[in-house]
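Protein chains in written order, with our numbering: chain A, 1 to 116; chain B, 117 to 281; chain C, 282 to 384.
Please keep in mind that the hints were generated in silico from the structure rather than gathered at the bench.
Don't be surprised by glycine CBs; every beta carbon is placed ideally from N, CA and C.
Don't take each hint at face value.
Pair ranges (Cβ atoms, derived) [unchecked claim]:
#1 A293/C / Q115/A: 15 to 23 Å
#2 M282/C / V120/B: 42 to 50 Å
#3 K172/B / L63/A: 23 to 31 Å
#4 L332/C / A128/B: 24 to 32 Å
#5 M133/B / L332/C: 40 to 48 Å
#6 K172/B / A293/C: 25 to 33 Å
Restricting the straight-line Cα-Cα distance to at most 30 Å, the calculated cross-link-like pairs of lysine-lysine (DSSO-like) are [unchecked claim]:
#7 K188/B / K174/B
#8 K358/C / K159/B
#9 K274/B / K188/B
#10 K96/A / K188/B
#11 K172/B / K159/B
#12 K88/A / K274/B
#13 K96/A / K159/B
#14 K172/B / K274/B
Derived, one-sided and incomplete: chain A residues facing chain B with beta-carbon distance under 10 Å [as the list claims (entries may be wrong)]:
#15 L3
#16 W10
#17 H38
#18 V42
#19 K67
The chain contents come next:
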Amino acid sequence: MALVVDIASWLCLVAGALLCLAGGIGMIRFPDVYARSHAAGVIDTGGALFILFGLALQAGFSLVTVKLAIIGLLLFFTCPTATHALVKGALAGGLKPLCRELDADEAAGMADEAQR
Amino acid sequence: MRLVGLYLALFAFWLLMSGHYEPLIVGFGVVSCAAAVYIARRKDIVDHENLSWYLKPKLPFYWLWLLGQILKANFDVATRCVLPGNRIDPCVFRTPANQDTSVGVVTYANSITLTPGTVSMQTWDHEIRVHALTHDGARDVLGGAMDGRVCRVEGHTKDGAEDGP
Amino acid sequence: MMFAAAMAGVLAAMALTLVRGLLGPTVFDRVLALNTFGTVTVLAIAVLGFLMGRPQFLDIALLYALINFVGTIAILKYLQYGDLGASGREADTGEADISGSGG
């Protein structure tokens, strides 16, 4: 049983580390701040989720697990808020995304495609 | 009543965080929680919270579904980060948000941001401007599955009809 | 051993976000890198606590997560309004113009 938990926690920690690494690489490679915010999102959600879950598996049922859960919950509430504030600030600061905005017809067409 | 609830919640959180149960330390906790409740009352924010939104019965199921979406999107964006070549075609678009309350719209916008590959840029009363990393991601949001699910947490479908429990 | 592996990945991510923060080019890139760096630091502190067998480090990680969020919001507010005391309610509904830079 302990072995199964150990293996699961290994997998979670390695997955979290790889996602953090991938997000970091994306931060370097992506062309503008809006695209980079997606890479940051990978670190904020996937990386944090897997690493905290892997640590919680190691800790077992204790106060430590509760604290890890609180850290995870806090990150999951604050990170999107901070990212949204940042992107909105960049937009208000006159930074234009490296792409165009879809007009209403195109958006409606894509919605139809998605629903089919 | 809400103040008492706030006090109890804060104190439970305090006990959970400290892990010490000597009389002196717990006394500090009692005093500091009282100070926090007093400040919250002074700032007049207690009664304007939308706490009841977070007590909806369908919310945990929505979070589980969202967790699945986040994992899928994470894998997708992570591969696009790492694999060589330019694998992104970003776009900006507006999508409707059919929630009744502002907390509903905020939950929807936060869920969009929390899913890697889509970021909410601006929100209005019933519309959100979204930046998507790929057109496929944009299609997922425009399809309205997430919108409909947040609406159903509120107790109605996204077309405004009543939705039973 | 497994904590060391996780720590290596987290440290590499920290280095990469730090590079992005130094490269810029706009101030928002730097703030984004700062925010992400903070998140990764929270993870690093949590893993470090387990690596050294001292889970009390989690309290520091929790505090760091809180301060990171408040700090990011404070920097952004200062950038946008030039005043940390601004109420921010009037300027909220503006339609930003994002057309004109086809890519």
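Hint by hint, here is what the structure shows:
1. A293/C / Q115/A: 15 to 23 Å: With Cβ atoms ~41 Å apart, the hint is violated.
2. M282/C / V120/B: 42 to 50 Å: With a Cβ separation near 49 Å, M282/C and V120/B satisfy 42 to 50 Å, so the hint holds.
3. K172/B / L63/A: 23 to 31 Å: holds (29 Å)
4. L332/C / A128/B: 24 to 32 Å: holds (30 Å)
5. M133/B / L332/C: 40 to 48 Å: violated (22 Å)
6. K172/B / A293/C: 25 to 33 Å: violated (40 Å)
7. K188/B / K174/B: holds (22 Å)
8. K358/C / K159/B: holds (21 Å)
9. K274/B / K188/B: holds (24 Å)
10. K96/A / K188/B: holds (29 Å)
11. K172/B / K159/B: holds (27 Å)
12. K88/A / K274/B: Given that 30 Å is the threshold and the Cα spacing comes to 26 Å, the pair holds.
13. K96/A / K159/B: violated (38 Å)
14. K172/B / K274/B: OK: K172/B and K274/B at ~17 Å, within 30 Å.
15. L3: violated (25 Å)
16. W10: Result: violated, 18 Å to nearest chain B Cβ.
17. H38: Since chain B brings a Cβ to about 5 Å from H38/A, closer than 10 Å, the hint holds.
18. V42: holds (5 Å)
19. K67: holds (7 Å)
Against the hints set out earlier in the document, violations occur for numbers 1, 5, 6, 13, 15, 16.
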